[in-house]
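Student: Residue numbers (our numbering), protein chains in the order written: chain A, 1 to 84; chain B, 1 to 662.
Simulated from the structure, these hints should not be mistaken for lab results. There could be a bad hint or two in this list.
Unchecked claim - Each computed DSS-like pair below joins lysine-lysine, with the alpha-carbon atoms no more than 30 Å apart:
id : chain 1 : residue 1 : chain 2 : residue 2
1  : B       : Lys-317   : B       : Lys-544
2  : B       : Lys-440   : A       : Lys-25
3  : B       : Lys-424   : B       : Lys-440
4  : B       : Lys-388   : A       : Lys-72
5  : B       : Lys-458   : A       : Lys-72
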Amino acid sequence: MNVAISQVEQLRNFISEVTFTDIEKIQEDTLIFQEGIFDSLGFLSLISFLDEEFGIEVDNDELNEENFESIKAIVAFISKKNRG
Amino acid sequence: MCGIAGCIDKREIIDQTIVNKMLTRIHHRGPDECGMYIDGNVGFGSVRLSIIDIAGGQQPIPNEDLSLWIVFNGEIFNYIELREELESAGHKFRTNTDTEVILHLYEEYGDDFLSRLNGQFVFSIWNRKTGEMFLARDRLGIRPLYYYFESDLFVYGSEIKAIFEYPKVRRKISEEGLAEVFTFWSTLSPNTVFEGIKECPPGHYIKFRDGNISIQKYWNLKFANSSNYFKGSFEEAIAEFDKLFEDAVKIRLRADVPVAAYLSGGIDSSITTAYIKKIEPSILQTFSVGFTEKEFDETHYQNIASAYFNTRHISFKCTDNEVAENFPNVIWHTEIPVLRTSPSPMYSLSKKVRENNIKVVITGEGADEILAGYNIFKENKIRRFWAKDPKSRLRPLLLKKLYPYITALQDANPNVLKLFFGYKLNETDSPVYSHLLRWKNSSNIKNHFNKKLKDQLKDFDPVANLLGSLNGSIDDLDPLAKAQYIEIRIFLSGYLLSSQGDRMGMANSVEGRYPFLDHRLVEFCASLPPDFKLKSLNEKVLLKRMMKGKLPEEILKRPKQAYRAPILSSFLGKDAPEFVKDLLSVESIEEADIFNPETVEKLIAKMNSGKAYSEIDNMAITAIISTQLLFRLFIKNFQYLSDDQLIKCVVKSEMNYKTVSR
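Let the sequences and hints guide you as you build the complete structure.
Tutor: So this is what it looks like as structure tokens:
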């Protein structure tokens with residue numbers, strides 16, 4: 001559980017840093033694309049961040065809304081990848 | 001072309017020095033002469049760039065019985081025809097100018113005469129008999145007009161800096177104005193980025209009398225819908241367009257000085273050049289700006305066009321450093337923050353034109369708006385198509401083609417595209433659907449506002465305000481017309497024709513003329529069905545078909561390239577000017593009290609790191625630098641002109657003229 005919490009915080013910090021959005025506006029279930037927080041290059045840096053921080057390599061067919069729509073979804077995706 | 005300024009102050013007798021100061025501030029708009037008129041608590045004048053009736057056109061100009069006095073900025077292209085008509089009605093003219101035609105039309109027809117003008121104009125007419133000041137602005141907002149109004153005081157001018165010379169006008173940046181710019185790229189008319197300063201919206205006139213102001217619309221761009229589209233065939237539409245366009249170019253060649261043209265290398269300016277050559281085959285001078293940075297440079301196509309038309313062509317390349325070095329001058333003239341550096345090379349270009357003793361240039365602006373050239377129209381179409389089947393994997397792929405310069409998109413699969421372009425995908429009922437994504441992206445600049453501003457603006461929603469003002473008025477239009485309406489109403493006059501148009505030309509005393517924005521042509525194109533403009537994903541089909549065989553194939557067939565200029569390498573590169581560092585320092589940011597020094601610092605670090613940064617970051621850094629400059633130039637360091645800086649200005653009065661009987 002603690003691991004998941006720290007992942008959430010890491011992701012919130014990262015997204016806030018890269019998009020200059022106030023961190024309070026980025027909650028676990030905020031729809032980061034639907035809200036327009038991320039644009040294309042922000043997203044690419046998220047992919048590199050997952051690789052650098054969590055050792056997650058994202059396959060092309062995993063780049064979808066289901067896995068990336070919110071921090072909650074990303075954390076679930078990380079955990080699925082780690083299990084997998 | 002000229003600049004005008006004036007004031008009515010119920011509590012003061014107007015001091016001519018103040019009117020002179022207002023005019024001196026906009027001397028660049030009219031370096032050839034200066035004239036003013038003072039009558040008790042009314043004063044106004046103009047600085048003139050002489051183009052028509054060079055000797056006789058000194059302003060202000062009175063009517064026959066000296067009861068009406070006009071100052072004028074711009075051109076009335078159909079003045080010859082109008083003058084003939086007025087003369088047969090008995091009007092006596094003192095000059096050969098278009099200025100005087102306006103005055104007599106006003107006399108003859110009262111407020112209703114504006115619809116008869118074909119031109120780009122702003123003027124004020126002082127009516128001594130009624131004590132009314134009448135001001136008007138052209139239909140599309142090619143020429144600027146601003147005012148300041150509080151019960152006993154009305155101050156106006158072609159540029160805001162003229163109004164700021166009036167001591168009772170206070171200077172303060174409007175936070176709401178900034179929030180609008182960082183959404184739409186412009187404020188929503190009549191707002192500006194200065195508190196208390198408004199613009200006269202395009203297609204409106206203003207009356208000021210006895211401390212009361214009234215603002216009326218005299219022209220509205222009406223798009224046809226499926227019930228009343230142009231009924232003819234595509235070929236008939238081309239024939240009509242050709243006829244109107246030829247006349248639009250022809251009347252724009254009227255001048256007592258040589259007229260030149262800009263050649264961008266794109267299709268629109270090539271077409272204007274083709275028509276100029278057809279009408280006046282003698283010599284034509286053309287000008288182009290290119291870039292040392294290859295990504296932005298269109299020199300190759302400019303050379304093809306100039307060779308094809310055999311023009312006397314002058315081109316030069318703007319360096320990254322020049323783009324940045326110009327910026328303090330650019331912002332002094334735009335009087336509003338900009339999100340791209342594109343105005344800067346236009347500033348260099350008009351300088352080059354002026355060095356070659358040219359005062360008038362014809363340009364291709366407007367074609368993208370009236371015939372749907374911009375990518376945003378295609379993006380709108382694709383997003384709507386995709387929204388009908390949001391699960392489709394093929395439909396979003398169409399979006400890739402639109403932005404070849406965003407490399408990250410080129411490898412993106414449909415899922416990724418959905419993440420980028422899926423913003424409010426299903427809200428197709430919104431009248432501003434076409435622009436929702438763009439505005440959302442620009443709005444991210446506001447993340448850099450400091451806490452104070454964010455708190456202040458937390459309930460301020462520019463898009464909601466716009467929707468309120470539209471009030472359902474475009475709901476019955478087709479999706480393309482809706483997008484065109486928004487683009488024309490907000491971006492054309494608020495950015496393209498001002499920050500990138502009038503202001504960059506007039507900064508160096510050069511007047512732009514825009515045949516595609518002849519109102520007859522604009523109205524005609526608004527009557528066309530969408531397929532005559534954007535067919536499938538092929539933009540400006542009418543123009544392309546019309547010009548087949550009359551332009552080099554390479555230009556006709558080249559993919560549309562958006563006009564852009566370098567940002568990062570200009571502002572943060574190794575040759576970046578010192579003033580940029582200074583403007584972005586923590587002290588300067590805190591002093592202006594608009595942005596958050598921490599996020600600004602992080603933004604600079606991010607852009608300097610060599611890692612990926614986004615288009616939003618590009619816009620943000622440009623927005624921050626230009627806002628900081630705006631604060632410095634107009635708030636912090638603005639100083640009233642001193643008496644020894646004033647230009648020579650003739651004071652005109654009834655004494656100078658004889659009355660003429662009709």
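Student: Look at each hint and say if it fits the structure.
Tutor: For each hint, the structure was consulted:
| no. | hint | verdict |
| --- | --- | --- |
| 1 | B:Lys-317 to B:Lys-544 | holds, 28 Å |
| 2 | B:Lys-440 to A:Lys-25 | holds, 15 Å |
| 3 | B:Lys-424 to B:Lys-440 | holds, 10 Å |
| 4 | B:Lys-388 to A:Lys-72 | holds, 28 Å |
| 5 | B:Lys-458 to A:Lys-72 | holds, 27 Å |
Comparing the model with each numbered hint stated earlier shows that all of them hold.
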